[in-house]
Structure formats: C-alpha cells, structure tokens
Amino acid sequence: MRSGALGRAAAVASAVLVGVSGCGSSGITKARLDHAVAPTFANLYVIQQSLRGRKVTAASLNSKADCSRGDAQTADSGAGNDWTCTVTWFNTGPNIAVNAQYQVHVQTNGCYTADGDGPVDLNGQQLITAADGATVTNPLWEFDGCFDTT
Amino acid sequence: MTAVAERTETRPAARAGAWVVYRWELIKLSRQVKAQVVFGLCLLAPFLFVAALNVQSNTPQDTLFGRWVHDSGFSVPLVVLGFAGQWALPAVTSVVAGDIFACEDRYGTWKTILTRSCGRSQIFAGKTLAALTFSVAATVLLGLSSLAAGVLVVGRQPLIGLSGTLLSPGHSTVLVLESWAATLLPVLGFTALGLLLSVASRSSAVGVGGPVVVGLVMQLASLVNAPAAVRALLLTTPFGAWHGLFTATPFYGPLVQGAIVCAGYFVLCVGGAYALLRRRDITGG
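Heads up: the protein sequence lines correspond to chains S and L, in order.
Just so we're aligned, residue 1 is where the first sequence starts under our numbering, counting upward by one.
Just so we're aligned, residue 151 is where the second sequence starts under our numbering, counting upward by one.
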C-alpha cells in the first residue's frame, strides 16, 4: 500500500516536472555564452601557443565570440547541441582579425563543450607537437567551460 | 531507569541519552558488512578508476575535466565528483539512512528499544546523527581517496580550469577540497530524504532505493530542459554548484542557491520524519 502511494507520488511529480519543462526561461542566453567562450578561447590559445613555443598574452588577442543557435528561426537561447560560435581575435596586429569556428553543446547547468570546427591547424587535431618535440593534447581541439545561469 | 524516571528527566539527561544512542548506532554500523563495503568502495574505487584509465588512451570526455585525466592528477577527483553526484552519492548515503529506522520494523524491535531508558526523541536524534555521520564520513573518504589517487598516480601538474586558465597545484588542491565540501550539502539533503522514507515507509527497500530513484528522476528533469525555477528546486542541482569555483572570475550564485535548497530539504525531511515517529502508534512488534 505505502510503496504504491509513494510510486504514484513519484509518477505525479515527474509528470508535473515534464509538463512544466516546456515553458519558462533557462538562464542560458547568447550574451552569457559569448562572454564565457571568448576569454576561455583566448586563455587556451595562449597555452597552445606557448606549447608551440610562441609567447602571446590573452589581453592582446582582444577576442570576441559570436554564438547562435540552430538556424535563423531558432531563438538564440536555451540548452542544446546546435549552438555554433565564431571566435574572432587579433593575432599579428590590430588590423588583422582571425576567425575560428566551434560547434558548442550547452547543457542545462550552464556548462558547455566547444568542439573545434576549423581552421584545422588551430583546432582540428586532438594532439599537437610541442616546441620540444613532445606530443601533447591540443587545448583548443575541444574545451569545456561553465557560466552562471542564476 | 524506569518509565517514571524518564518522564522526570532533565535536559542534560536527554542529551546524554541521545549521545548514548548515537554511540551505539556508530558501534553497530562499524560492525555491519554493508557499511564496511561502502567504506571499502569509497577508498578503493578511485584507485581502480585511475588504474583503468591508465591502461587506455581514451578519456571520459563527456564529464567536466575528463579530457585532462592523463595531464593533471587534480582532474581525477573532479571527474569522480561529476560521476558520483549523478547516482553514487545518493546511493551511498541512503544505504545507511534508508535502513536505520526501518530495520527496527524489520526486526520488530521498536518496543524493545523504547522500553529501555531512551525516549523516542533521543532515539530519533541519535539515529539521525549516526546516519549523517556515516554520510559525511563516506563522502569525505571518497573525496580524499580520489584526490590521493589523482595526485599519486597521475601527478601534481597544473590544471586547466573552466575559463582556460592554468591553476597551480596548490590552488587546485584548495578548489578540489572546496568542491567536495560543497557536495556535503546535497549529500546531507539526500541523507535526510533517506531518513524520511525509512520512517514513513517502514521498509528498507523504499528507504534505500527511494533516494536513488528520486535522484534519477531529478537528473532526468534537468536533462529535459526544465525551466530554471524548477531546476533550482531540485536536490541534484547543488551537486554541480562547484563548477563556478573553477572559472577565472568565480561565481557563487549556484552555491548559495544550493545551500538554501539543501537546507530546505533537510529541515522538511528531518522534521517530517520526527513528526511521523513521534505520532506513530507502536504497540505491536
């Protein structure tokens, strides 16, 4: 009897949760994702370049991210694996902007995984050769990050 | 002591009674195979996990910090924490909490222990404290063991945080310990839930299995993109509150929110369990 009542309560609770899941905001917005991806990319770019024997600072890159979700009709908010981000930064001088593409899976808790989608030399390989000849993990191939959704 | 003596007991005596129950419950727990098995698993599982990772080049990339398990030992306790929060910690805590009241129903021993020198409140307080102690001890053991496994087997390399910055070994250690400490809040919440189910159902199966099922249902609710307001009220959400510690500008919103939610669950569940036990008619058994 008692476990039957508990089972019904659990069923009702899960039905309510699924029912209300269609409405309300999720706390995951384009602005928040942009502001999370751009500095994370810059910091990891600095690490990758130092592995390759080149010194840059994150601040000098002046990186920006422009993320959008799905096609033109999809609202740019909410969790999903159909986000794409274009990261732009200044590499060799203030006038020469460089781009990189990422496919981004954003989870409901505000953590995301960015999967490199070109250029190949930058984020196309899981392993790269460091300046000292060692084979190391490419920090820009895929990376994780989190932002505040509260 | 007789029933008359119990009625005239003073407050310090009541506290002493709860303390006696607490100590006896801990002694009983330390002799139980299930508690020993849980402690053994908490101690050994992280080392087995690292050993399994070391014989392959793949990494558990679908978990945060999973891609760095070969590069920094500090990623190991965080990957374990990511896994554990999904179902292992609710299961570990409810093994004891879900059974600690229901076992008296199973063995039919309520009347026996209530005719001894301890009142219901003292038995409730002692058993509740014992279950909470077990949960905290198991969580601390699992956290320290996974940190040790990472540092001893993989090494003390700097860890890449969630904003792409390198975290020094010392800073990483502090953050790992803080993350596991933050996990104690939902662990205590699930322990309280186990206690409530144990009292309410009088069945160990519901008490032990219930929190695991509730945890999985809540995980499911997060995955189906439930709105922020609903997700904030789930007891599983605080298991991820530590993420904010690893960004370049740490954010504490989820930790504060999680602490409030866990406190709410804790008070409701422990209060509910106490009310149910106080009012229960124990004449049989």
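Since the hints were derived computationally from the structure, they do not count as laboratory data.
One thing to keep in mind: the hints can contain errors.
[To be verified] These stretches of chain S come out as covered by chain L in the derived footprint (C-beta under 8 angstroms, 3 or more residues):
1. 38–44
2. 99–112
3. 138–150
Glycine included, every Cβ here is placed at the ideal spot set by N, Cα and C.
Verification of the hints:
1. 38–44: Holds: 6 residues of the region 38–44 of chain S have a Cβ under 8 angstroms from chain L.
2. 99–112: Result for this restraint: holds, n = 4.
3. 138–150: Holds, because 10 residues of the region 138–150 of chain S bring their Cβ atoms closer than 8 angstroms to Cβ atoms of chain L.
In summary, the structure agrees with every hint in the numbered list given earlier.
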